[in-house]
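Novice: Reading the sequence shown from the start, the letters are residues 107 to 264 in the numbering used here.
Hint data in this document are derived by calculation from the structure and do not stem from the laboratory. Ideal Cβ positions, reconstructed from N, Cα and C, are used throughout, including at glycine. One should not assume that every hint holds.
[Claimed, not checked] What follows is a list of derived Cβ distance ranges for each label pair: (1) Glu112 <-> Lys203: 35 to 41 Å; (2) Gly114 <-> Asp209: 35 to 41 Å; (3) His163 <-> Ala220: 22 to 28 Å.
[As the list claims (entries may be wrong)] With a straight-line Cα cutoff of 35 Å, these simulated DSBU-like cross-link-like pairs (lysine-lysine) come out: (4) Lys259 <-> Lys180; (5) Lys123 <-> Lys259; (6) Lys119 <-> Lys191; (7) Lys180 <-> Lys191; (8) Lys119 <-> Lys203; (9) Lys203 <-> Lys236; (10) Lys236 <-> Lys180; (11) Lys191 <-> Lys123; (12) Lys180 <-> Lys132; (13) Lys236 <-> Lys259; (14) Lys119 <-> Lys180.
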Amino acid sequence: MSRFRELGSLRTKVLEKLISSQELCKALQYDNSNYLNRETIDDPSSLLFNKIYPYNHVPELSSDASSYVTFSFKEYRPTDNLKFKSALLHFQVLVHKDLIRTDYENLRYDDIIAAIDELFNDERILGIGKLEFYRMDEMFVNTNYVGYYLQYKLYEFK
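Based on the sequences and whatever the hints tell you, model everything.
Specialist: Given below as structure tokens:
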């Protein structure tokens, strides 16, 4: 049986891990500059398919200022040891330019990126072994949104 049949359960694990972080959820949900001091989000699953998407784009970027996280699995390929394959867990962080500044030392996308990294880097969540940080960089979205991507390498049995 193909391991690609497990992609749905892998996406579910990532979604569950993302909404387990109140810091991340607050940075996405609240549009004010002191979002970390706001009340706990009682139902973080309400962010799914509104602020957090398990595919590589936001269906329609809001005309109102907002923040989003998307993710996908990319670049599946065999490793040198043909018993395994590697892939990238690819996150995109999109923040409206009006929401970047915060009351804290970090910018909003810094907090979102840090929360994602704390959840996934060097953790045993997907595949075999620990996820390995691979890279992070800016990406162009449009004139209203600033974007960054983060990637983590994972390994699976072939």
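Novice: Each hint should be assessed against the structure and marked as holding or not.
Specialist: Going down the list of hints, with the structure as the test:
1. Glu112 <-> Lys203: 35 to 41 Å: holds, 38 Å
2. Gly114 <-> Asp209: 35 to 41 Å: holds, 39 Å
3. His163 <-> Ala220: 22 to 28 Å: holds, 23 Å
4. Lys259 <-> Lys180: The given pair, whose Cα atoms are some 10 Å apart, holds under the 35 Å limit.
5. Lys123 <-> Lys259: Distance ~17 Å between Lys123 and Lys259 Cα, so the pair holds.
6. Lys119 <-> Lys191: It holds: about 19 Å lies between the C-alpha atoms, which stays within 35 Å.
7. Lys180 <-> Lys191: Distance of about 12 Å is within 35 Å: holds.
8. Lys119 <-> Lys203: holds, 30 Å
9. Lys203 <-> Lys236: holds, 34 Å
10. Lys236 <-> Lys180: holds, 17 Å
11. Lys191 <-> Lys123: This hinted pair holds, its Cα atoms lying about 23 Å apart.
12. Lys180 <-> Lys132: holds, 27 Å
13. Lys236 <-> Lys259: Between Lys236 and Lys259 the Cα gap is close to 9 Å, so the pair holds against 35 Å.
14. Lys119 <-> Lys180: holds, 16 Å
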